[in-house]
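So the sequences go chain by chain: A and B. Take the first sequence: its position 277, counted from the start at 1, is 277 in the working numbering, and no numbers get skipped. Take the second sequence: its position 32, counted from the start at 1, is 32 in the working numbering, and no numbers get skipped.
These aren't lab readings, by the way, just hints derived from the structure by calculation. Note that the coordinates shown come from a computational prediction; the quantities given were computed from them, not determined experimentally. Heads up, a few of these hints could be off.
Stated by the list, open to error - In the EDC-like style, the derived pairs of lysine to aspartate or glutamate whose C-alpha atoms are separated by at most 16 Å in a straight line are: (1) K271(A) x D203(A); (2) K69(A) x E80(A); (3) K57(B) x D114(B); (4) K57(B) x E250(A); (5) K62(B) x D52(B); (6) K57(B) x D74(B); (7) K271(A) x E202(A); (8) K159(A) x D31(B); (9) K159(A) x D114(B); (10) K62(B) x E165(A); (11) K318(A) x E328(A); (12) K318(A) x E329(A).
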Amino acid sequence: MNVLISLLLVAGLFAVGMFGPGVTPAWVFAVALPYAAVTLFVVGLAIRVMGWAGVPVPFRIPTTCGQQKSLPWIRQQRLENPSRKIHVLGRMALEILFFRSLARNTRTELRKDRGLVYGTDLSLWAGAMAMHWALAVVLLRHLRLFTEPVPAFVTFTEKLDGFLEIGLPVINVSSVVFLCALLYLLYRRLAHAHVRYISLPEDYFALFLLLGIAGSGIWMRHLSHTDIAGVKELAISLVHFSPTVPVGIEPLFYGHLFLVCVLLVYFPLGKLAHAPGVFLSPTRNMANNNRAVRYVNPWDYPVKVHTYEEYEDEFREKMIAAGLPVDEE
Amino acid sequence: MTSRSRIALGLGVFFLLGAYPVWNGLASSADPERPELARAVDSAGATGCIEDTTWMKANHQKLLNEWRTSVVRDGQRTWVSSTGTSWDMSLTGTCLKCHANTETFCTRCHDYADVQPTCWNCHVVPEGGQSEGGQSHE
Numbered sequence: 001m002n003v004l005i006s007l008l009l010v011a012g013l014f015a016v017g018m019f020g021p022g023v024t025p026a027w028v029f030a031v032a033l034p035y036a037a038v039t040l041f042v043v044g045l046a047i048r049v050m051g052w053a054g055v056p057v058p059f060r061i062p063t064t065c066g067q068q069k070s071l072p073w074i075r076q077q078r079l080e081n082p083s084r085k086i087h088v089l090g091r092m093a094l095e096i097l098f099f100r101s102l103a104r105n106t107r108t109e110l111r112k113d114r115g116l117v118y119g120t121d122l123s124l125w126a127g128a129m130a131m132h133w134a135l136a137v138v139l140l141r142h143l144r145l146f147t148e149p150v151p152a153f154v155t156f157t158e159k160l161d162g163f164l165e166i167g168l169p170v171i172n173v174s175s176v177v178f179l180c181a182l183l184y185l186l187y188r189r190l191a192h193a194h195v196r197y198i199s200l201p202e203d204y205f206a207l208f209l210l211l212g213i214a215g216s217g218i219w220m221r222h223l224s225h226t227d228i229a230g231v232k233e234l235a236i237s238l239v240h241f242s243p244t245v246p247v248g249i250e251p252l253f254y255g256h257l258f259l260v261c262v263l264l265v266y267f268p269l270g271k272l273a274h275a276p277g278v279f280l281s282p283t284r285n286m287a288n289n290n291r292a293v294r295y296v297n298p299w300d301y302p303v304k305v306h307t308y309e310e311y312e313d314e315f316r317e318k319m320i321a322a323g324l325p326v327d328e329e
Numbered sequence: 001m002t003s004r005s006r007i008a009l010g011l012g013v014f015f016l017l018g019a020y021p022v023w024n025g026l027a028s029s030a031d032p033e034r035p036e037l038a039r040a041v042d043s044a045g046a047t048g049c050i051e052d053t054t055w056m057k058a059n060h061q062k063l064l065n066e067w068r069t070s071v072v073r074d075g076q077r078t079w080v081s082s083t084g085t086s087w088d089m090s091l092t093g094t095c096l097k098c099h100a101n102t103e104t105f106c107t108r109c110h111d112y113a114d115v116q117p118t119c120w121n122c123h124v125v126p127e128g129g130q131s132e133g134g135q136s137h138e
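Take these sequences, add in the hints, and give me the full structure.
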């Protein structure tokens, strides 16, 4: 049911993008919606992230899973239990670039012969890595449509990506990897009963949305072509803030573009905001140096204290009269 | 610096990086418009391409691929267009007969779209195409 709702939603949105431009003025889907989507993306992301930034962190709460800094002859596990900023940086870099936490995924199974068994399960990690990195390459390649002249690093990426030189236009490795990884991530949610049980419509929506975008893009490159020069004309006019809408671009392109707009708007609202979120995970981005460096709880209000010196100043005469010892006469 | 301002800074850097095409466009003096293409040489008095121009813009690479397969794999060298005209399936012999000025036609558009077909490694460009293009190519 969750699956069906999301699938229908994405298919409906795609149809809106495909057939909408036929019944509206050209600028609606080609100009107004992309601008609106980017604006909502920026504003939405800023609101969401600054909302997180406003949440006070009362304690240092790093998750640790290794030997902490101790006596000099005990080897510290710097990445598992960072005690300095630089260690934290290393740990965050590995987390953000290589999803190290996901690699810790384990699977539990009840076996007839051996009882309850645990094992490392790298399939989610591998799927996620393939999907995210392929997406990065795909995004980089799209820069060719937004820049004139095209910078060398974009052309280089395209060349590298198409090194197989199969087909005309050549099939890019990143396209294949991206599509396969997405299909695997979908399969994973559908095939394993326990993952299916915890999957919400939103989980499927994100996958179907990305699948729709990737599918329509690949379809356009290899099966039903469109005038790429015209597409570039549109894209580059948008970033130059002098929009022109060339005629003769296929509806399929507008379906692709509309799904991208939906993605941009949806990105800060839903689970995809884990992208900035991972930078802000307090359990990962804090050093485990509680005993070495004082951490001030931002909730602490200034406590009114009455020191012994002040106490003595106040009661000195009485204390002397009562024969009590005082520090200062 | 408080963590709040550090986060705001990070977000700002991200948005600036994301706006790369915008400031790249502001910095570059290149013309972002679709390039002006050389007209086909009307040796045979041709007024149009072998297929509808709009279709050609989008599908010429597919057509060339079909031609190549057909010639190299099947030895079949004649192709009939949707209007019933017969054409010899040849990159140099047919396309470049009309589009002799490849530099100002094929290459100019390909540079714009950042595609670098490897075809010219083997296939010849008729004389005049390269040199004429060389002059007019900024």
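Hints, one by one, checked against the model:
no. : hint              : result
1   : K271(A) x D203(A) : holds, 8 Å
2   : K69(A) x E80(A)   : holds, 11 Å
3   : K57(B) x D114(B)  : holds, 15 Å
4   : K57(B) x E250(A)  : holds, 12 Å
5   : K62(B) x D52(B)   : holds, 14 Å
6   : K57(B) x D74(B)   : violated, 26 Å
7   : K271(A) x E202(A) : holds, 8 Å
8   : K159(A) x D31(B)  : violated, 24 Å
9   : K159(A) x D114(B) : holds, 10 Å
10  : K62(B) x E165(A)  : holds, 15 Å
11  : K318(A) x E328(A) : holds, 13 Å
12  : K318(A) x E329(A) : holds, 12 Å
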